[in-house]
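Asker: Sequence:
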Amino acid sequence: MFNRPGPRLVDALEWLFSAVHGVPEAAPHRFPCEWLPPSSSLPRDDASAAAGGSPEEEAAAEQKAIADIEEAHACAVRAGKLQYTDPATGYSVFTQLASSRRGYCCGSGCRHCVYGHENVKPERRVALRRPITCEIGG
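Just so we're aligned: the sequence shown equals residues 1 to 138 in the working numbering.
Hints listed in this document are in silico derivations from the structure and should not be mistaken for laboratory results. Warning: the hint list may mix true and false statements.
What the hints assert, rightly or not - Straight-line alpha carbon distances no greater than 20 angstroms define the calculated SDA-like cross-link-like pairs of lysine to any residue that follow:
(1) Lys64 / Thr89
(2) Lys81 / Tyr115
(3) Lys81 / Pro131
(4) Lys81 / Ile136
(5) Lys64 / Val93
(6) Lys121 / Ile136
(7) Lys64 / Ala27
(8) Lys64 / Leu82
(9) Lys64 / Thr85
(10) Lys64 / Gly80
(11) Lys81 / Arg102
(12) Lys81 / Gln63
(13) Lys81 / Cys105
(14) Lys64 / Cys134
(15) Lys121 / Pro131
(16) Lys121 / Cys105
(17) Lys64 / Pro87
(18) Lys64 / Ile132
(19) Lys81 / Glu62
(20) Lys81 / Ala98
(21) Lys64 / Thr133
(22) Lys81 / Ala59
(23) Lys81 / Glu135
(24) Lys81 / Glu71
(25) Lys64 / Ala88
(26) Lys121 / Glu135
Quick caveat: nothing in here was measured; it's all calculated off a predicted structure.
Use the sequences and the hints to build the structure in full.
Answerer: What follows is the structure, given as structure tokens:
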């Protein structure tokens with residue numbers, strides 16, 4: 001669709017505008033898309049399922065998520081890997097091995113920063129969790 005400029009690109013931009021602003025009637029006529037109604041029956045992960053629950057349920061879901069992260073990270077570190085896949089999101093996350101190999105805090109607020117987020121801006125640092133690290137067997 002985007003392989004050449006012209007009417008198709010304009011149609012795509014008009015469709016994008018209509019999608020972002022929630023105005024289906026602004027989409028180009030005969031544009032190949034399907035508008036689906038919002039659904040509350042979409043699958044939810046543990047964190048979003050607990051969001052509507054009690055504070056105890058939310059805390060339990062948060063603890064489980066952290067335990068899953070710690071386990072995935074520890075397994076990756078034991079295997080000598082620089083990255084692992086976040087169990088909740090599927091994103092690739094650097095391990096503390098990657099952080100220590102870099103040799104300094106990059107300032108991005110990495111989850112497993114071995115330098116304690118020392119180069120993260122103070123106003124952002126207050127919103128970050130303490131870095132999750134584990135013992136490296138040697």
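Asker: All the hints need checking, so say for each whether the structure fits it.
Answerer: The hints, checked one at a time:
1. Lys64 / Thr89: holds (14 angstroms)
2. Lys81 / Tyr115: Distance ~19 angstroms between Lys81 and Tyr115 Cα, so the pair holds.
3. Lys81 / Pro131: holds (18 angstroms)
4. Lys81 / Ile136: Holds, at roughly 12 angstroms.
5. Lys64 / Val93: holds (18 angstroms)
6. Lys121 / Ile136: violated (28 angstroms)
7. Lys64 / Ala27: violated (43 angstroms)
8. Lys64 / Leu82: It is violated: about 23 angstroms lies between the C-alpha atoms, which goes past 20 angstroms.
9. Lys64 / Thr85: Holds, because 16 angstroms separates the two Cα atoms, which is no more than 20 angstroms.
10. Lys64 / Gly80: violated (24 angstroms)
11. Lys81 / Arg102: Judged against 20 angstroms, a Cα distance of about 14 angstroms means the pair holds.
12. Lys81 / Gln63: Cα-Cα ~24 angstroms, so violated.
13. Lys81 / Cys105: holds (19 angstroms)
14. Lys64 / Cys134: holds (17 angstroms)
15. Lys121 / Pro131: holds (15 angstroms)
16. Lys121 / Cys105: Judged against 20 angstroms, a Cα distance of about 11 angstroms means the pair holds.
17. Lys64 / Pro87: holds (11 angstroms)
18. Lys64 / Ile132: holds (14 angstroms)
19. Lys81 / Glu62: Violated. Lys81 to Glu62 sits at ~25 angstroms, over the 20 angstroms cutoff.
20. Lys81 / Ala98: Distance of about 8 angstroms is within 20 angstroms: holds.
21. Lys64 / Thr133: holds (17 angstroms)
22. Lys81 / Ala59: The given pair, whose Cα atoms are some 30 angstroms apart, is violated under the 20 angstroms limit.
23. Lys81 / Glu135: holds (14 angstroms)
24. Lys81 / Glu71: Roughly 14 angstroms separates the two Cα atoms, so the pair holds.
25. Lys64 / Ala88: Holds - the C-alpha atoms of Ala88 and Lys64 are around 11 angstroms apart, at most 20 angstroms.
26. Lys121 / Glu135: violated (27 angstroms)
Against the hints set out earlier in the document, violations occur for numbers 6, 7, 8, 10, 12, 19, 22, 26.
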